[in-house]
Structure formats: structure tokens, C-alpha cells
Amino acid sequence: MNVADGLGWWGVPLAIFAGAIRVSTPYLLVSLGECITEKSGRINLGLEGVLIMGAMAGYGVSLLSGSAWLGVLAAGLVGSLLGLLHGLLCSLRRVNDIAIGISIMLLGTGLAFFLGKPLVQPQAPMLNAIPFGFWSDSPQIQSALQINPLFLIGIALAVLLHYAFRYTRWGMQLRIVGDSADAALALGYPVLPTRIFATVIGGFLAGVGGAFLSLYYPGSWNEGLSSGQGIIAVALVIFSRWEPLRCLWASLLFGGAGALGPALQAMGITSGYYLFNAAPYVLTLGILIATSSPHRTLVGAPGELSLVRN
Amino acid sequence: MKLMQRFLPVAESIAIPVMALLVAMLLFAGFVMAVGQSPVEVYSLLYQGGFGSAFSLQNSLLRAAPLILTGLAVAIPAQAGMVIIGGEGALALGALAAAVAGASLNGASPHLVQTGMLAVGALCGGVWIGLSGWLRHYRGVNETISSLLLSYIGIALLNFFVEGPLKDPASLNKPSTAPIGDANMIGNLPGMDVHYGLLFGVICALITWVILKFTTIGFALRTVGGNPRAAQMAGLKVGYWIVGAAFAGGLAAGLAGAIEVAAVQGSANASVVAGYGYAGILVAFIARQNPFAVIPVAILIGGINAAGGMLQRRLDMPDASVMVLQGIIFVVIIASETLNGRLRIFKPVSPISAVIPTKP
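Taken in sequence, the protein lines are chains P and Y.
According to this note's numbering, the residues represented by the first sequence are 1 to 310, in order.
According to this note's numbering, the residues represented by the second sequence are 1001 to 1360, in order.
Calculated from the structure, these hints are not laboratory results.
C-beta: ideal position from N, C-alpha, C; glycine also.
Listed below are several chain P residues computed to face chain Y (Cβ distance under 8 Å; list not exhaustive): (1) V95; (2) I98; (3) I100; (4) S103; (5) L107; (6) G110; (7) G272; (8) A278; (9) L288; (10) S292.
Now the in silico label distances, taken between C-beta atoms and shown as ranges: (11) P122/P / F1214/Y: 56 to 64 Å; (12) Q146/P / A1054/Y: 53 to 61 Å; (13) Q1058/Y / R241/P: 47 to 55 Å; (14) D1193/Y / P193/P: 53 to 61 Å; (15) L1026/Y / R93/P: 22 to 30 Å; (16) G1275/Y / L152/P: 35 to 43 Å; (17) G1275/Y / V299/P: 31 to 39 Å; (18) P193/P / L1172/Y: 58 to 66 Å; (19) N96/P / R1314/Y: 36 to 44 Å; (20) S1044/Y / P139/P: 56 to 64 Å; (21) D1319/Y / L64/P: 18 to 26 Å; (22) R241/P / L1172/Y: 46 to 54 Å.
The shape of chain Y in the complex, shown without the other chains (with noise of 0.2 Å):
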């Protein structure tokens, strides 16, 4: 029985998610076939061009890094009660900073300049996402609204400086600062044409994962998030743990920025703002906000995204249609909490809930 207990909200928390994937997955085939398209056929390039070679899957697992530390920028507000959602700016910012790191690091050993760039991005997006958490907790201001605004004003920051005091008069179709030199790039993992930005992320998610689970901070985060008032009967200072909280997601989706800039482009241009930050909260939500789960479940997005191409190459479907696979995924996922704990199967019969009757 207790074995029971231990596992079947686990199982819940696995099945309704998966169940709800089916479900979107049945919606986008409707919608395929109301386009004038094979479902079937759609399907089986979707699963060709994110998993179905080594080529598409080290594709799937390139977009997948990003996509890891945006999903985190989600998912750890989250655990404090935030709804974060503004990623792409601090992605951007951190981008930014961290061209600007490498660029004025340039001459100093390889590592240090890698190492400073990211801590400067990751810095950097950790401020901007900080102030949202600030703005929540000392002014009474809606984060959801205030990361979003702040994202808008951060690309718009990118885009002013990349084209303007920052721009490398060398980069004459596509504006962007000055490059960090090759030899400060980051370079891939061991046999794959992936970079070390993947195994960045999946570190800093499991790193997340074990503090959250094992360590009173993410018990003080959740208590902060589920009522502030107790929390702060219990002697926890909320405003630190508010702001820490942003401050941390913020870290995460300044590395990822920091990350294309130090592996992937090479120096900062407007290439940078791809609907990372954006796609990183679908990943949170699908994940349930779990660092844990967030690994597989950006590489099944990142997949989704990679095999995009393919459907605009084979079938001439606009590249919107993997935005709208997406959409309709996050829109069941969303409805689906409403079975949350209301499933029979998924109910054990403790002594426990015996007594107490669970709430409708």
C-alpha cells in the first residue's frame, strides 16, 4: 500500500500530461486534414526530421539546449508561484552581455574568456528577470505582465545596440558587434554535432532537480509560493525568496542567450531572438514546472521545432505549423489540470483519504 501511495502520484502526474499530448496530437491531425494534408504523412516527417536519424536527432538535441535553460527560467518562478514569461528578453540581454564579455576579453586564455562570457550573460538575465520578482514582492506589480513588458524592452535593447554603438562596421547585411574569435568558441561534445551547451543545461537542470527535491530550499520556495502569509509566520523572508527566485530563472535564460552567442553565432545579432524564450514556456508547463522533467520534454519540443523545415521542404506547409502544433499542445496541456487529482484510477485507498473526504 504504501508503495501504492508512493507511486500513483507519480503515475498521474506522468499519464495526464501524456494523455493530453494524444489528444493534441489528434487535434493537429484534424487540423491537417482540414489544410488539405495526410496526418499520417505529416506524423512520420515530424518523427523523420526530430528523431528519425542521427543527422535530425543531434538537429532535435542542438535546439533542445536552449530550450532546457528557457524551460528552467519557467520552472523555477514557478516553484515560489510566479508565472514568468519573459525569457526572450533576458535571453537577449544575456546574449548581449556575453558578446560584449567576449569581445572585451579577447586576448585571455580561451577558458577564461568562455567562463566570463557565460557568468556575464547568465548575470545579466538573472538582473533583468530579478526585477520582475523585485517588482512582485516591494511594488505589488503583476509579474507575468511586468517579465513580458521587460522582454519587449530587452530585445528592443539588443536590436538598439546591435545596430547602433555596438556595431561591428565589418557586418555589413546582418548587423551584429564584434565577433569573439573563433578560437573563444565554444566547441561541441566529444563525436557529436552537438556543443557543450547541451550539456550545460541538462546540468544546471539536474543540479535544480536535486536542490528543489532534496534540500529545504525548494520545501521554503514552495511554502513561499503555496501562502506567503504562512511562509512568513514561519520566519522565511518571502521578498528574498520571491526575488531569488526570478533571479535564478533569470540565470538560466541569460546562460541560454550567453550560450548561442558563445557556441552558435558568435557574436550578437537579432538571429539570437528566435522564439526560444517563448517555446521555454511550453516546455515549463508540459513539464509541470519539474527541472527534471523539463530535460526530455525541451528535446521533444526542440525536435518538434528541428523537424519544422521538413515539413516546409516536403509538403510546402508554412513554418507557422509547428507553432500551431504547439499552440494547440500547450492550450490541451493547460485544460488538462482540471483532471488533476480528480481521476478515480489515480486514487489510493488510504486510511487517509478515507477519513478526510479530498476536496471536489
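Bound conformation, chain P alone (with noise of 0.2 Å):
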């Protein structure tokens, strides 16, 4: 019994799943963190630059030290690096949150360009996938159940965040600092400290999902890896209404209309690759003017964030 060539059509909703798991990681793991960040009333535009950064740094710690998740954990350090220097400077007086953010992503590309040069070349060790599907003969379904564990983690991070958001002490505190700093003032509890740190904790996030994208897939090194994909997360964490349960959801959504330029190119549909590969782009360009509107503010958004006050 052939099953392979048996499963047919099957095989292309499967292809989609499968590749929108894969591909929503990354957007997963950076629109969790800025979701923090947001939550704390800033927010991060460099994420784009820090994701790229993220990757570099985690595929060449693994090429160095030969294991992968050591890669991760770099990764994650360096992005907690750039959050740690974006969240300092927005701290200083007059200086406007999106535009260190644009100049940190200029920055961020500028240095992963320039210390990656050497890596685009060699082969690191990637991250391996825990195999689920075991059970079937197919080997469709086996490749289209190997789910890598930083998605897992991503969906438990996602879990952990609701209900830390609502329940926790911790929550409380960083949602009173990003609804109004007097408050927090009031209440005694640090501003700048809080968002410097949540802008720590989403720099790190956003490192390791950099790291995904060099070390899983596409897995490998160059140039061209992040094309947006911080930036989509950021208009992604919008269109979630500040929920990380949402940004799960958000996620797989983005993956799957990402999947879709190369499971067409696949089927041997190639004549509008370039045309599927800008799906992700329009669809949070189209969701956003959908959700937005000029007359009240987001329900859901903290009020001190710059980016949704008119």
C-alpha cells in the first residue's frame, strides 16, 4: 500500500498546517514579547532589528559551540541586549519610542550583516523536532507532525502570559504602568524601571525567535532571512488587542497566509510567487485598517502607548 502517493489532495491542507506551524513561530515568540513591551505603555519597533540580530548570533554560537540550544540562549541574551539599550534611551526626556525604534532596526541589520558575513557559509547543528507523528505509515503526516519545541513553549508562554496578566501581582504592576504612569506613581510602583525591564523580556523573546528562523527554518544564515517579520508582529500584537492568547491565534493565522507562497511554489504553481509572498503584508495591512478607526481609541490599549494615542 502506497500510502504516500494515496494521500492526494489531502496532502494540501496538510502542507498548509504544517507550514503554518512553522512559519508562525517566529511571529509567535516576537509578538508574545512585544506584547509585554506594549503592555508597559512603549513600544518597540526595533523588534525587526533585534530578530535578525537574534538569528545571526544564535546560528553562529551553534556553529561555535556545536549545540543549538546554547544558539538559542545567545540569541535571546543579544536580543535582551538591544531591548535593554531601547528601553534605556526611551527613558531619556523628548526622545520618541518609534523613531530609537526605527534607528535601533537600522542598527540591529547593520551589525548582523556585518558580524554574520563569515556565517553564510557553514553549516551549524539546527534545532531538532520532537517527531508526533510516529503513529502514521505516511510519511506526509510524519513530516507534517514534526513540531519543533519552541512552538510548544510558545504556546505555553502564551497560556502562562493570560493568566499572569490577570491574576499575577506582576501582571497587575506592568498594566498599571502602561494604562498611566501617575497611577503607578501613586501606587508606588517603579515606571521606567518596569518598562525597561518588559522591554528586556521582549528583546529577549524576539532574539530567540530570530533564532528559529537560522537554526529550524528556513534554517540557515543570510541576509535576506527577516524580511519584516518583526514588524508584522508588532501591527500583529495590534490586531490582538494587547490578548496573548490572541497572538496565538494571530500567529497561526500570519503562518498559514505565509505558507502559502511556497506550498503553491510546491504544486509547481510558481507565476505569482512574489505576489503570495507579500500575503503576509497585505493581510496585516487589511486587518488593521478593518480594526482601526479614527474616532475612539482601541479597546484594550494601554493608555500611555504613543503608537494608538491620536
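Could you fit the two chains together into a complex? Lean on the hints.
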């Protein structure tokens, strides 16, 4: 019995499902990190640069140490350093967090291209996936159910954050700082340290998201690795209304959109390749347009967020 | 005293970016040392490669030409309070539209073809960035994010048309649109290896500067940017101003793309997406969104870009070295905003500031 051929058209949704999980993981990690940062009232547009630095650092450390997980850790640490830089600079008076974000995007990209130049050729050890498809004889199902542990960590984190924001003292402090600096001061919460800490955590997760790109899918280091995924993740947090669990669904949706181009190309439909690759951007823009309104601030938006304040 | 009051703010707006540039150069020197190169050698090469000879100076001016326009693409909307970062996509679409216009007008007189290409390219860029302004005012969508998303979409459209429906079958190893023809190319300035695009850029910057500084248009834009509600009360149609400023910025970026096609490439292809749109953000921020200051800053950044190849050839440093330098400059310049109005030497002791304490 040849199961692989017998799958037929069922292979298409399976490919999109598998692709969605693969492609969505960086979106999920970056958007959860940005969710924490934005809850504190700051926005970090520099996550695009952080993502690409994380991808480069993760790949480099994995190559040098021989351990992909050390690479993930290094990517997170590099990301938190850039997050710290963003957090500290934004704490200066009159310094605009969006402008600092754009500048860190440029700096991170430049540094990653500079330091990553020797990493284009060699092959680093990759992250291993967990084969959840062991029960099936079909190689397609088996490969579709190769799920990377970072995706599972992302799901766990989304659930954890959902509860942490609601029911823990830490989550409470974060939300109050993000909604009103005056109220936080009145309650005795330290505003700037909280925001800097939230930005550092956001940077850590974005760095790990970058390591997923270079160490698992697509799984190599090159300069075109992240084309705007960090920015899409920022927009995705707005779409998710600053809710971690919605970040999960939104990431899967975007992962599916991102998997569309490669999936169709694998089936031999190549004509609109560049247009299909633009699908996540079109989707993001469409959703932003549909959910925004000039007459009210967005439901659930942290009050101190410069991005949604008119 | 009156002279001092006029002079001090100008001195401050020049001195702070210059100090920030020096700090950024020191930081880059540290980075250069950390990767095992000599900062003295790197900076002298940057100078030689950017401004040291007639050849390198012309090379810098060549790269400054699109940067003046992409800098304006950020600086003009900034007057109305918008942070637009999508110049790269508007440039790509401007290039595509200009190439299509050039090919379809082929056969007409060269001047008509050139005018047509530049007009259509600029218009296309204007519509693209104008869309961001429209979305901001009428839909409440943040213009920074929407312009960047539109930028990626614009680049994807360029790639799609260049590799697909508009691909010239003769362009084998580098997919391009049909060539506009040598006769229709925009030539060089007399006696130089720099094309007329530089002149167009300088003229655009000067016109913009004059309009913003000496007419009520500039005042209205700044009112809209500073306080939309007050502007509305004063009878300004805020929406028109927002969309208009974004459209004008897009015109500049689209024109930059059209010039790249009409003066350098001769057809639209992936090479027009060379990062000029992103470097324009840096140019506008160093120039403090002043259209006049955009000209010298664009030449400076153009020079740094032009010298990148020199670092690569002589010291075997990656071509991203100049990106690192620009990134450091950008971060320090933005952070130096915090010094604005807080340095005592720039504070005149005037009757007004003695009575009304300045805000901390």
C-alpha cells in the first residue's frame, strides 16, 4: 500500500497546516514579547533588528559551540541587550520610542550583516523537532507533525502570560504602568524600571524568534532571512488587542498566509510567487484598516501607548 | 540681544547634531578597534573614498541625488507630525511606473519621454505614500506601520511585474522591463559624471524649504502636526493637509525612483531597491526634518555609502560596515533629542524667558 501517493489532494491542507506551524513560531515569540513591552506602555519597532541579530547570534553560537540550544540562549541574550538599549534610551526625556525603534532596526540589521558575513557558508547544528507523527505510516503526515519545541514553548508562554497579566501582582503592575504612569507612581510602582524590564523581556523573546529562523526554518543564515517579520509582529499585537492568547491565533493565521507561497510553489504554481509572498503584509494592512477607527482608541489598548494615542 | 535670540536656536540646532555625529564617530571607532582594525585608517579611507578626490566626490554626489529626495519623503510628512518610513516602496513603484511610461512613450521626443517618466513615477510614489496619510486620518491607522507594510507590498509588486508580466525577454540573467532607450536617458551635468537627478533633487529641496519657511503652508502644516484639534478650530481642513503632506513626500520618493530608471538603470529591475528609501529616513532625522539641511546631510551620507566599497577593497571589511556606522549615527542622533532645549549655553537671558519659566 502506497500511502504517500494515496494522500492526494489531502496533501494540500496538510502542507498548509504544517507550514503554518513552522512559519508562525517566530511571529508567536516576537508578538508575545512585544505584547509584554506594549502592555508597559512602550513600543519597540526595533524588534525587526533584534530578530535578525538573534538569528545571526544564534547561528554563530550554534556553529561555534556545536549546540543549537546554546545558540537559542545566546540569541535571547543578544536580544535582551538590544531591548535594554531601547529601554534605556526611551527613558530619556523627549526621546520618541518609535524613532528609537527605527534606528535600532537599522543598527541591528547593520551589525547582523557585518558580524554574520563569515556565517553565510558553514552549516551550523540545527534544532531538532519532536516527531509527533510516529503513529502514522505516511511520510507526509510524519513530516507535517515534526513540531519544534520552540512552538510548544510559545503556546505554553501564551497561556502563562494570559494568566499572569490577569491574576499576578507582576501582571497588575505591568498593566497599571502601561495604562497610567501617574496612577503607577501614586501606587508606588517604579515606572521606568518596569518599562525597561518589559522591553528587555520583549527583546529576549524576539531574539529567540530570530534563532528559530536561522536554526530551524528556513534554517540557514543569510541577509534576507527576516523581511519585515518583526514589524508584522508589532502590527499583530495591535490586531490581537494586547491579548496573549489571541497572539497565538493571529500568529497561526499569519503563518498560514506566509506558508501559502511556498506551498503553492511546491505544487508547481510559480507565476504569482512574489504576490503570494506579499500575502502577510496585505493581510496585516487589511486587518489594521478593518479594526482601526479614527473616532475612538482601540479597545484594550494600554493608555500610555504612543502608537494608538491620537 | 535680538540678534542673539535669533542666532541661539540656529546654533543649537546645528551644534547638537554635530556633537552627536562626533560621539557616533567615537563609538564606531571603538567598534572598529573591537573587530581588530585601525580607526585612523578606516576614517582616512572613508574620507578618501567619499570626498578625497574629484572622482570620489562625484561618486558621492551620485549617491546623494536619490538620498536628497528620499530624505524629503520623510521630512515633508514630518512637518505635519507623521513618521513615514515607507520611502523604499514608493521609490520602487516610481521606478516601475517610470519604466512603463518610458517604454510606452518611446518614439516621442526625448524631452517629452523624460518629462512623462518623471511625472508618472513621482505621481505613483505620491499615491502610495498618500495612502498612508489617508489611512491615518480617515481610518486611524498608524502611518509608520502602514507605510512600512505598503513599502514591502510595493517592492513585491515591482518584483512581480519585473519577473513576470513586464519582463523583457531579452533580459536573460537580470530580469528587467523593456529598456527606455539610450536617447531617452537623462544625461550628465555639464563637465561632470553626475546626472541631472542631483540638480532636480537640490531644486526640490530648495523649493520645499522656501515654501515651508516663507509661506503660510509651512505654518499650517506645523499647526496640523502640533495640535490637530487646534488646527481644526482654526478652520484648517486637517485631513487635506495630512494626506497632502504624505502625498508630497511620496512625490519625492517616486521621483527618486524615476530618476534611478531614467538616469542610471535604463529600465526597472531589482537593483533600484538599493536601500535609498531607508537611508533617507536617516538623512531626514539628522537634518532635523529641515528640507534645506537635507542637501548637505544627503551628501555626507552619500559619501559614507560611496566609501563603503573602499573599506571592502582595502581592509577587507564587510560592505555592511557603513550600515553599522549609519546605525550608530542614527541611534545617537535620536537619543541626542533629549539635549534639545536643555543646554544652558543656548539659553538666551531674555525678558520673556525670565518671566515664563521654560518647561523642564
